[in-house]
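Take the given structure of chain V and dock chains A, L and F to it, following the hints.
There are 4 protein chains.
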Amino acid sequence: MSQHRIVETSLRVRYAETDAMGVVYHANYLVWFEVGRGDYFRTYGQDYGEWENAGYLLPVSEVHARFHAPARYGELITVRTWIEETRSRSVTLGYEVRSTASQQRLVTGWTKHICMDREGRACRLPDEMIHAMAAS
Amino acid sequence: MSQHRIVETSLRVRYAETDAMGVVYHANYLVWFEVGRGDYFRTYGQDYGEWENAGYLLPVSEVHARFHAPARYGELITVRTWIEETRSRSVTLGYEVRSTASQQRLVTGWTKHICMDREGRACRLPDEMIHAMAAS
Amino acid sequence: MSQHRIVETSLRVRYAETDAMGVVYHANYLVWFEVGRGDYFRTYGQDYGEWENAGYLLPVSEVHARFHAPARYGELITVRTWIEETRSRSVTLGYEVRSTASQQRLVTGWTKHICMDREGRACRLPDEMIHAMAAS
Amino acid sequence: MSQHRIVETSLRVRYAETDAMGVVYHANYLVWFEVGRGDYFRTYGQDYGEWENAGYLLPVSEVHARFHAPARYGELITVRTWIEETRSRSVTLGYEVRSTASQQRLVTGWTKHICMDREGRACRLPDEMIHAMAAS
Numbered sequence: 118m119s120q121h122r123i124v125e126t127s128l129r130v131r132y133a134e135t136d137a138m139g140v141v142y143h144a145n146y147l148v149w150f151e152v153g154r155g156d157y158f159r160t161y162g163q164d165y166g167e168w169e170n171a172g173y174l175l176p177v178s179e180v181h182a183r184f185h186a187p188a189r190y191g192e193l194i195t196v197r198t199w200i201e202e203t204r205s206r207s208v209t210l211g212y213e214v215r216s217t218a219s220q221q222r223l224v225t226g227w228t229k230h231i232c233m234d235r236e237g238r239a240c241r242l243p244d245e246m247i248h249a250m251a252a253s
Numbered sequence: 118m119s120q121h122r123i124v125e126t127s128l129r130v131r132y133a134e135t136d137a138m139g140v141v142y143h144a145n146y147l148v149w150f151e152v153g154r155g156d157y158f159r160t161y162g163q164d165y166g167e168w169e170n171a172g173y174l175l176p177v178s179e180v181h182a183r184f185h186a187p188a189r190y191g192e193l194i195t196v197r198t199w200i201e202e203t204r205s206r207s208v209t210l211g212y213e214v215r216s217t218a219s220q221q222r223l224v225t226g227w228t229k230h231i232c233m234d235r236e237g238r239a240c241r242l243p244d245e246m247i248h249a250m251a252a253s
Numbered sequence: 118m119s120q121h122r123i124v125e126t127s128l129r130v131r132y133a134e135t136d137a138m139g140v141v142y143h144a145n146y147l148v149w150f151e152v153g154r155g156d157y158f159r160t161y162g163q164d165y166g167e168w169e170n171a172g173y174l175l176p177v178s179e180v181h182a183r184f185h186a187p188a189r190y191g192e193l194i195t196v197r198t199w200i201e202e203t204r205s206r207s208v209t210l211g212y213e214v215r216s217t218a219s220q221q222r223l224v225t226g227w228t229k230h231i232c233m234d235r236e237g238r239a240c241r242l243p244d245e246m247i248h249a250m251a252a253s
Numbered sequence: 118m119s120q121h122r123i124v125e126t127s128l129r130v131r132y133a134e135t136d137a138m139g140v141v142y143h144a145n146y147l148v149w150f151e152v153g154r155g156d157y158f159r160t161y162g163q164d165y166g167e168w169e170n171a172g173y174l175l176p177v178s179e180v181h182a183r184f185h186a187p188a189r190y191g192e193l194i195t196v197r198t199w200i201e202e203t204r205s206r207s208v209t210l211g212y213e214v215r216s217t218a219s220q221q222r223l224v225t226g227w228t229k230h231i232c233m234d235r236e237g238r239a240c241r242l243p244d245e246m247i248h249a250m251a252a253s
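Heads up: the sequence lines are chains V, A, L and F, in that order. Going letter by letter, the first sequence gives residues 118 to 253 in my numbering. Going letter by letter, the second sequence gives residues 118 to 253 in my numbering. Going letter by letter, the third sequence gives residues 118 to 253 in my numbering. Going letter by letter, the fourth sequence gives residues 118 to 253 in my numbering.
If we strip away everything but chain V, and leave its shape as in the complex, we get (with noise of 0.2 Å):
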């Protein structure tokens, strides 16, 4: 990964994030990667709130996950987010999760996104965001 401009945010376990097994809920790991990819954004290209405000948006075509150990409620969290791949119509981002305290690798993954405009139809990614991806 050394070649990828990685941004990391830190985060705590809530419990509203914990299920009946005493760790987190396996989804709830996709949505730490949306802080990641949030972000990401915002420290490379501009808030993702600003894109849907344009008219663009970047829904989630395909995800995938490992869950190699578990979070557990109040740890403090790392999550690790770069840029996979950058393609006209649709962008790839890689996370990896970590525990802050042990540094123990808890989840990695990947989403990748696909531009939109508001009417549902697919779009090129706008020149600013192809532009800070690209530099990624």
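Treat the hints with care, since some could be wrong.
What the hints assert, rightly or not - Cross-link-like lysine to any residue pairs, in silico, SDA-like; alpha carbons within 20 Å at most:
id: 1; chain 1: L; residue 1: 229; chain 2: L; residue 2: 123
id: 2; chain 1: L; residue 1: 229; chain 2: V; residue 2: 179
id: 3; chain 1: V; residue 1: 229; chain 2: L; residue 2: 227
id: 4; chain 1: L; residue 1: 229; chain 2: V; residue 2: 169
id: 5; chain 1: L; residue 1: 229; chain 2: A; residue 2: 131
id: 6; chain 1: A; residue 1: 229; chain 2: A; residue 2: 186
id: 7; chain 1: L; residue 1: 229; chain 2: V; residue 2: 225
id: 8; chain 1: A; residue 1: 229; chain 2: A; residue 2: 122
id: 9; chain 1: A; residue 1: 229; chain 2: F; residue 2: 222
id: 10; chain 1: F; residue 1: 229; chain 2: F; residue 2: 205
id: 11; chain 1: A; residue 1: 229; chain 2: A; residue 2: 131
id: 12; chain 1: F; residue 1: 229; chain 2: A; residue 2: 183
id: 13; chain 1: V; residue 1: 229; chain 2: L; residue 2: 138
id: 14; chain 1: V; residue 1: 229; chain 2: L; residue 2: 222
id: 15; chain 1: V; residue 1: 229; chain 2: L; residue 2: 185
Unchecked claim - Derived coverage of chain V by chain L (criterion: at least 3 residues anywhere in the stretch with Cβ under 8 Å from a Cβ of chain L; other residues may be distant):
id: 16; stretch: 137-145
id: 17; stretch: 183-189
id: 18; stretch: 195-207
Just so you know, the hints here were simulated from the structure itself, not pulled from any lab data. No experiment lies behind these values; they were computed from the predicted model shown. C-beta atoms are modelled at their ideal positions from N, C-alpha and C, and glycine is treated no differently.
Chains A, L and F only, in chain V's frame:
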């Protein structure tokens, strides 16, 4: 409650809804209130989504809930929903959540909703909504 | 898929499951997979909660999903669930999510689960679980 | 409120927390109350998870919230948390949620918690918890 029209909704506890105490996370009962409310409107008025399409939103302006006993994964649940009060610009619904098998009362509560248009301005409930509610 | 036993689950989209794009937030489809999985086990094995009570946990170790088209508030949804593969220590389930009315395919995916005991050690799937799966 | 010790928590609105109205889904503010409560305990008592490890649970027995104005994706939020009242077997916390930038008040509310042991029996708050609360 005998004077109220009541709509009963059945649902089964999802693993996603539990937390590390091994029971349903308290905020998720508010989601069940929403499910009950949707069924109420669908039964005695029209689908809430249709009201939104027509330009009327009913955001929650106030909520109160008492948690009497916990629900667990896989349990069948009955949500009973009724209209507490209708005013020209707001409506209050009441809820009771029970374990279907034991009929034990788990949660009781109410939500107050104000009528808003797409621009976020308070507005009168549409006539057919008042009509549907009045009959309750 | 004709060689698989398939269990169908019906559910209705909750407002809580939607996001600011006006459609279901992608991570919530994983919750629907979980609902389908629970129904599968209840139909062809036993309630997953019973397995947990007996000391066997089936945490998700890997997930993949493709999002073909969005679901909206109030829509009726069909989740089809089947066993993709059973091994001595893991099981993989497949899912297909459709709009009940239009039969449009919305999401496809799979989850892999490893068998664990209460101490978090990997263990063999219990015989009755293998038996139930094998018949699939 | 000037007589209360107040803990302030900062968070940013997640996309997962929004709904089809384009704003934060009401039940998610209760999750923010939980985040504020966790920070309060961590600041003036001990980590809530530690209390659970010691055998004391503090489930929510009652909640009330008023929703004054909506929060939107990406917005920075301040949650202010304080102790409203401590009794031998229960504690009530108060919350105020504001937009960090505009200081607009978004949500106010309170949660009441009863002290329970692992077997689900009501019990006295542990001394160090009362102590921590009393100083509030």
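Taking the hints in turn, this is what the structure says about them:
For the proposed pair residue 229 of chain L and residue 123 of chain L, the alpha carbon gap of about 17 Å is at most 20 Å, so the pair holds. The straight-line distance between the Cα atoms of residue 229 of chain L and residue 179 of chain V is roughly 17 Å, inside the 20 Å bound, and the hint therefore holds. Taking the CA atoms of residue 229 of chain V and residue 227 of chain L, the gap is about 17 Å. The hint holds against a cut of 20 Å. Straight-line distance between C-alpha atoms of residue 229 of chain L and residue 169 of chain V comes to about 34 Å, which puts the hinted pair past the 20 Å bound.
Distance restraint check for residue 229 of chain L and residue 131 of chain A: the Cα-Cα separation of roughly 19 Å lies within the 20 Å cut-off, and the hinted pair is therefore satisfied. For a cut-off of 20 Å, the pair hint linking residue 229 of chain A to residue 186 of chain A is broken: about 23 Å separates their Cα positions. For the hint pairing residue 229 of chain L with residue 225 of chain V, the CA-to-CA distance comes to about 15 Å; that is within 20 Å, so the pair holds. For the proposed pair residue 229 of chain A and residue 122 of chain A, the alpha carbon gap of about 18 Å is at most 20 Å, so the pair holds.
At most 20 Å may separate the alpha-carbon atoms for a hinted pair to count; residue 229 of chain A and residue 222 of chain F meet this at roughly 19 Å. Under the criterion of a C-alpha separation no larger than 20 Å, the hint pairing residue 229 of chain F with residue 205 of chain F is consistent with the structure, at around 13 Å. Between residue 229 of chain A and residue 131 of chain A the CA atoms are separated by roughly 26 Å; this puts the pair beyond 20 Å, and the hint is violated. In summary, the hint linking residue 229 of chain F to residue 183 of chain A is supported, as the alpha carbons are separated by about 9 Å, within the 20 Å threshold.
Taking the CA atoms of residue 229 of chain V and residue 138 of chain L, the gap is about 17 Å. The hint holds against a cut of 20 Å. For the suggested pair residue 229 of chain V and residue 222 of chain L, the alpha carbons sit about 19 Å apart, so the restraint of at most 20 Å is met. Proposed proximity of residue 229 of chain V and residue 185 of chain L is supported: the alpha carbons are some 12 Å apart, at most 20 Å. Counting residues of the stretch 137-145 of chain V whose beta carbon lies closer than 8 Å to any beta carbon of chain L gives 6, which meets the minimum of three for the stated coverage.
Counting residues of the stretch 183-189 of chain V whose C-beta lies closer than 8 Å to any C-beta of chain L gives 3; at least three are required, and the coverage claim holds. Using a Cβ-Cβ cut-off of 8 Å, 0 residues of the stretch 195-207 of chain V lie near chain L, which falls short of the minimum of three, so the contact claim is violated.
Checked against the numbered hints given earlier, this structure breaks hints 4, 6, 11, 18; the rest are met.
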